[in-house]
Each structure stands twice: as structure tokens, then as C-alpha cells.
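S.K.: The listed protein sequences derive, respectively, from chains A and B.
The first sequence begins at 36 in our numbering and counts up one residue at a time.
The second sequence begins at 60 in our numbering and counts up one residue at a time.
A few of these clues could be false.
[Said to hold, decoys possible] In silico lysine-lysine, DSSO-like type, Cα no more than 30 Å apart, as pairs: (1) B:Lys325 / A:Lys278; (2) A:Lys278 / B:Lys391; (3) B:Lys148 / B:Lys175; (4) A:Lys276 / B:Lys168; (5) B:Lys403 / A:Lys176; (6) B:Lys403 / B:Lys443; (7) A:Lys278 / B:Lys182; (8) B:Lys168 / B:Lys180; (9) A:Lys176 / B:Lys175; (10) B:Lys436 / B:Lys424; (11) B:Lys121 / B:Lys259; (12) B:Lys325 / B:Lys383; (13) A:Lys278 / B:Lys180; (14) B:Lys320 / A:Lys276; (15) B:Lys175 / A:Lys278.
Note that these hints are calculated values from the structure, not bench results.
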Amino acid sequence: MKKVNALKISLIAVVFGLLTGFLIIAVTNRNPYNLVVALVRSMAGFNLLKPDKPINVLYILNWFLETMPIILTGLSVAFAFRTGLFNIGGEGQYMLGCTAAAYVALFVKAPFPLHPILCILAGLIAGGIWGFIPGILKAFKNIHEVVVCIMLNYIAWYLTSWFVRAYLPINPNTGSSSINFPESAIIPTLNFGTSSQFNYGIIVVVIALVIFHVVIEKTTFGYSLRATGLNFEAARYAGMKTKFNICSSMFISGAFSGIAGAVTILGVYHYGRTFQGFDGYGFDGISVALVGASNGIGILFSGLLFGLLKTTSNNLQLFNIPKEVGELIQGAIIFVVAAQYIIIYLEEKLSKKKGEFK
Amino acid sequence: MSYAIEMLNITKVFPGIKANDNITLRVKENSIHALLGENGAGKSTLMSILFGLYQPTSGVIKVNGKEVSITDPNVANDLGIGMVHQHFKLIESFTVTENIILGLEPKGKFGTLDIKSAAKKVKEISELYGLEVDPYAKIDSISVGMQQRVEILKMLYRNNNILIFDEPTAVLTPQEIQDLMKIMKNLIKEGKTILLITHKLKEIKEVADECTVIRKGVGIATIDVSKTNEKEMAEMMVGRAVNFNIDKNECDPKDVVLSIKNLFVKNFKGLNAVKDFSLDVRAGEIVGLAGIDGNGQSELVYALTGMTKIESGNVYLKGEDITKYSIIDRFKKGMSHIPEDRHKHGLVLDFELRENFVLHSYNNKEFSSTGFIKYDKVNSYAEKLISEFDVRSGKGKDSLTRSMSGGNQQKAIIAREISEAKELLIIVQPTRGLDVGAIEYIHSRILKERDNGKAILLVSLELDEIMGLSDRIAVIHNGEISGLVYRKNTDENEIGLMMSGSLHKVGGEINEKG
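The whole structure should be built from the sequences, with the hints applied where relevant.
M.R.: Below is the structure:
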């Protein structure tokens, strides 16, 4: 019953979001059909305006590429949600993950495929630690994790910028990023002869999804984490290690975002970055988790949806439609999911009129 | 005499269930009318219809003889109908007056809030009806009984003439219940009409003029309370003969299981809530702990179960010093705990019922292997407990616990704790807010566990429950043990004196205090 409702709300949200997109395009005297064209093209690589041209796989791969980091950050936020915590620190954990992976890529010598695996582990641990800090403060000092997470995002930004400049060999051509990683550390692309940067990091994403699902739904550990999140006092009464649970939850949550950073930097950038601002994947993770109702399968689909909207945004410009329309659609979807109580309320009103009750 | 409320042939159908089936309820003006029924009989639905929260599928409502259509609670309020909900709707950080005037704030000069005149009016009303409260006290600093008075004052401030009380005594101590009964009688003297929703027969007998009994959504009868008795009402409510006298065998106490020695426990304010408390509980006996709410019972239970730190003194379980043991270690040593607050401690309401059954034992070999929960084992265990303890819910083991009735939630906790108890059961307020049928069943289960040789410490604010079940009775007053007597050598009067601290009697010694 609960799951059906979550699915229904997500679907209503998507429909509402797309309608908003069409409306905005229409009132600004552009052709709403072009949104359909852009969506189909981003999803299937097929150009509706030039039906004689073959399918272009590049578009499909780029869609999946956009999806990879936001599924991971979505899992990060969802893991915290399921255990009663709000991890808004994904940005910082992602940056730490990027930088830790870059350090291992440049300074540890190992053969492929061990090298990227070590880098990803480093990203996992760094992101985890960055999540663990607000976890400890929450468990032992009852300081709200949201406040700490937001502050840690900024600390992570400047910390990583300093670290890259201070400890990584800088590329003289850019002056603000490290030299390229050795070949052994790079996650190879899987582009079927196109120019896409889609890569084998997708395996990590799939493994993360499975681990998330299994830990949360099947293990005793996940059970006690959920119990702690849903009713702290009852978990304490039952003799669970509630403080340990909060810390572990935040560590694991942070680890997912750290992996997102590692996979991105090893698969797409191939060098250590100093950040000019937030990449936004940590915040996207909140949207993905919300629309995906914080369960594994839901996150897979909502990750694909948001990935599609992101790539579609870029393609929209080809049709003289500002790319902000894509963000607008995302915003409208989030709005409906966040305001789901309005839907529930309207539904109850409606059924009340019919003399029914759910 | 005319009727203040008439609800004629009310039927309310929800998908799959007829919550109210052609019920007629007539409440005479200026009287106390009780609405009696078990949990889930349809009382709340009926009252929600009267209060405008639901629309009836069919039927007519008349207020003061005029047919009305109550589409929402504001309409009900305009008609002079007010309601004290079971769970109070107060803002904790506001004062009494601020809560009462909420929505009807009196304006002073320049549109400022005129709190003084409001407080004065509150004071006047409270004196008129004998509802003592301090208009400037904050809600979170006053007792539950006081909070309920604030709810009553809210209705009076709004000039409501028809007052609905939904299970008003469920959260009150015996003294507060007596006060409330007096208040109700005062309200009638002042011309109000009261509709009292309850399943406590004693209270109906004491204050109500008439009583309408509903069972499974059907109106059974409306009776004159002065011409009936509790037994008759209970039979009408449950639909079968009810056994009020708890049948129990002689107890056969064996070895000491729980031994408390010179225990001191501090409360959250840092004051000693339990002082030099010593008590033994033996296998095969029920020791009842009586006392007025707030005399250290909760702190004592928390200390015994490991939920709070012990200042000094020791607790032994089967001779083993468990003073410093964690909650889970105490559980593993054979201690079970049915907690006072089933929502706060006893259950994870957003879990499925089956998940709540393994709240302590999910990590045991029986239900897990290598870190994975064996859901097939959990399922069969849940089904076993559900059938053994007759836990009723919409979708069996898969029901969301939140969606279950209070009685069945409590049964679920009792099922879990009794099944897991190896040596000792600490039971706190096991039947709070439950109906006669459920109480009867839970009492019989507790006695069965005693006869199975378990040691039982029963903490309850209901003196009837203590008197009915206990083999020995300990009394706690102001954190100290003020009485320890055999059930057969005492009576309610003596226990009452010990509860108030005016009599001290431990182990046969008698000290009269002035």
C-alpha cells in the first residue's frame, strides 16, 4: 500500500513536471513538440525530425553517463533517509571522494584493474569519514546533522582545493589541476566506437545498488538501522546500539557519495580537480532519493529520469529552447514530491465526496 | 425533556466495512450520556460524523431539534459542539491562556494581543466551573490532568454547550479521575450537555444518566444507567458474559529471581527519583508495585531494564549482579519488559507487524544467519504469535503496525515479551486504554506466566489491576518503598494510605506517620 502510493506520487510528479515544461515552452512562443524531440533523442538517439537517419548510440550512452553519479549520490541520501537521517553533505563527501581517489591514482603503483579498485576504496573511505563526522556529532552531542553537513560541504571544497595544489603534481598547462592519471588507474570507456565517456564505472553503480538493497532490506544490520531511524527510543529499548547505528549510517551514506566522486574522476576527468564550485551531484542525490522513494529500484528509475532531464537540457539548446527548461521540469517534479501531502489531501477530499475512505 | 443531539439511523460505509450500521443516538439536554463500546466498535466514527470530520452515508443529525448538516469541525463549533480529544491538542511551549484563546485572540489597542483580559476571562470561567488552573502556567510544566482542564476550558471559552469527551480518563491517575468526575457534574449543573465516550464501566455508573451501547457498528441499546449494573453493561458491550473476578490459583513462590538492593536512581533533572529501594521478586509470584503516578515508578523500571543509569545499589538476576549490564545483556539473561509507553518504546510503528515481533531477537540464531534476516522464520514466528495471542489486524503479519488498534498493538507487545521471557517479566501498565475483553485476556496471560514459574513485577496505576493480580503488593511513595504486604492481608484502603505516604508498612512493621 505504501509502496503503491509512493509510485503513484512519483508518476504524478513526472507528468506534472513534463506538462510544466510544455506549458513554459508554449507560452514563450516556441514549439513544445521540440521537447518531445529532444527527450526521444536523448533517450533513444533517434531524431524524430530526421527519421531517415540511423539511431545514434552516443546519446544513449551520454544519458547513462549522466545517470551514474546521481544514482550513487541518490543511494547516499536514501540510505540516510531510511535510517532517519538527512545527509545533505553529499557535495562535500563527493569532493573528498574525488580527491582521495586522485591521490591514490597518482601515488600508489598498482596494475589495472587493482589500481582503480584501490582508488574507489580510497574514495569510499574518504566520503565515509566525511559522513561519519556529522554522525558522531549527532549521536553523542545531539547536533543536527543537516547543519554540520552544510558546513562540511564548504570545508570540503576548500580543503580539497588546497590539498590538490599542495600535494598533487600540478599540470603546468592548467595550473589548477593535477597531471593526468597513469593509464592503470583509469576506468576504461565503454563507448561502442562513439566519442562518449560512458565507462565501466557502471559496474560499480550496479554493485552499489545491489548492496544498498541487500543491506537495507535483508540484513540484521539494516534492520537495526531502520529501527533506529524510525523510532530511536524503541530501538534503545530493544537493546540496539543506537549511537553506533547513527554513526554507521552516516558513514555508509557518505561512502556512497565518496564512490560517486571516485568513479567520476577516474572515468571522466582522469586528473585531480580543484573545484570552482559544487558539481551539484550531491544535491541531485536528494531529488533522486525523494522521487525514488528511497528504495533501490525506485532510485534506479529516478536516477535514469534525472539523468535524462540533464542530457535533454543540453540537447534543448539545439532547438533554441533554453537549457533552464530542463531544470525547471526537475524543479516541478521535486515540488510535487515534496508537496505530496497535497496530493494525499486532494485524494482524500475526493474520496470523501464519494463517501469512501482509504 | 428535549434532546440536545439526535443522530438518527446513521450509517457510515467505508470500502469493505460498515463502521456504523443504522445507529441512533439521542442525548437529552443537560445530561451526561455515555457512549460505550469496545475498541473498534464504531464509537470514534460516530463522533467524527458528529464533529464534521466524516459525512454519513445515510442518516439525519439534529442539534437542539433542528436538522443540520455538519460539513466540517467549524460548523460543529458554531453549533456549540466541542470535543476533548483523547490525545490533547495543545501547544506545549505556550501558556494555558495562549492555548485557550488560540484562534479567538482578543485584540487590544493598535491590534495588539490583549492577554490580560483573556487571562482574566479564563480565570473567571475556571472558577465558575471549579476547574483550577494557573492561566499563566506553561503547558509543558503542568500535569496531564491539568492539561485536560485546559482542553475543557477551551470549549467553555468558546461557549460550547455540548461537550464531547473522548476516553477522558485513559491518561489520568485515580485522583485526577475523581476530580474530572466532579468537574463533569459541575458542568451539568451549569446547564451543559456531555457526551462521554468510554469503555470504563465504573465511570459510567458513577456519572452518566444514560448509556448507549454499540457493538461492531450496531447500536445495541440505550439504557438508564441507574437501572443497570456494570456486569450487564459489559455483557452488552462484549456480547457475552464477562468474568470480572480474576480467577487465580494459590501462588507457589520459589527462588528469588529479581533482587533489588538499596537502589538509588536519579531522574532527568538530576534529583533522586528512587531512594534506597529494596525488593525481591520470586519465581512463580506476581509482585504488584502500586503508587501514584510520578513517584519514581518509571525511573525504577528504567533502572531495572538498563535504560537509565543506576546511581548506587545493586540489581541481581538469579543471583548474578546485573547492575552494570546493558539492555541487551539483561534481555539475554532472561529479563523481558512490557513498557509503559507502547508507542514511544514498545513498537516501531512504521514497521510491519512481523518486524516488531523480532525487535530484540532479530540477531538471534533463530532468525538470522551470517548477518541476514531469515524472513521465512520471522514470518512463521509472526504467524504463530498472531494466532496464539489473537492479534487482529487488516493484513496479518504484513500490516503496518501504525494502522492497528491500540488494543492489538498492546497484544503484539505482550505476545513478543511473554514468548521471549525466560525468567523475569517486568510489566508496566499492561492494560492502559484497553477494553474489557482485551483486559480480561491479558490478565489471564499474565497469570498463566506466573503459573509457568516466571517472576513477575507488575507496575500499574490502576489499583484494581494491582489488587486483582498481585500475590504481594509493594507501594512506592516519593521514590521510597512505603509498603510491602501480602495481597490476602490487605485491602484497597490500606494500599491507598500507603500510596499517599501516610502509612508505612514494610514486612510487618507498622509505622503510622502524622
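S.K.: Are the hints correct? Go through all of them and say.
M.R.: Now for the hints, and whether the structure bears them out:
At roughly 22 Å between alpha-carbon atoms, lysine 325 (chain B) and lysine 278 (chain A) fall within 30 Å of each other, so this suggested pair holds. With a C-alpha separation of about 20 Å, the suggested pair lysine 278 (chain A) and lysine 391 (chain B) falls inside the 30 Å cut-off, and the hint holds. For the hint pairing lysine 148 (chain B) with lysine 175 (chain B), the CA-to-CA distance comes to about 23 Å; that is within 30 Å, so the pair holds. A threshold of 30 Å between alpha carbons decides the hint, and for lysine 276 (chain A) with lysine 168 (chain B) the separation of about 57 Å lies outside it, so the pair is violated.
A hinted pair counts as satisfied when its Cα atoms are at most 30 Å apart, and lysine 403 (chain B) with lysine 176 (chain A) qualifies at roughly 21 Å. Taking the CA atoms of lysine 403 (chain B) and lysine 443 (chain B), the gap is near 25 Å; set against the 30 Å cutoff, the hint holds. Proposed proximity of lysine 278 (chain A) and lysine 182 (chain B) is contradicted: the alpha carbons are some 47 Å apart, above 30 Å. For the hint linking lysine 168 (chain B) to lysine 180 (chain B), the alpha-carbon distance of about 18 Å falls within 30 Å, and the restraint holds.
Straight-line distance between C-alpha atoms of lysine 176 (chain A) and lysine 175 (chain B) comes to about 40 Å, which puts the hinted pair past the 30 Å bound. Using a Cα cut-off of 30 Å, the hinted pair lysine 436 (chain B) and lysine 424 (chain B) holds, with the two alpha carbons roughly 11 Å apart. This hinted pair checks out: lysine 121 (chain B) and lysine 259 (chain B) have alpha carbons roughly 28 Å apart, not beyond 30 Å. This hinted pair checks out: lysine 325 (chain B) and lysine 383 (chain B) have alpha carbons roughly 16 Å apart, not beyond 30 Å.
Distance hint between lysine 278 (chain A) and lysine 180 (chain B) is unfulfilled; the C-alpha atoms sit about 49 Å from each other, more than 30 Å. A threshold of 30 Å between alpha carbons decides the hint, and for lysine 320 (chain B) with lysine 276 (chain A) the separation of about 28 Å falls inside it, so the pair holds. With a CA separation close to 47 Å, the supplied pair lysine 175 (chain B) and lysine 278 (chain A) exceeds the 30 Å bound.
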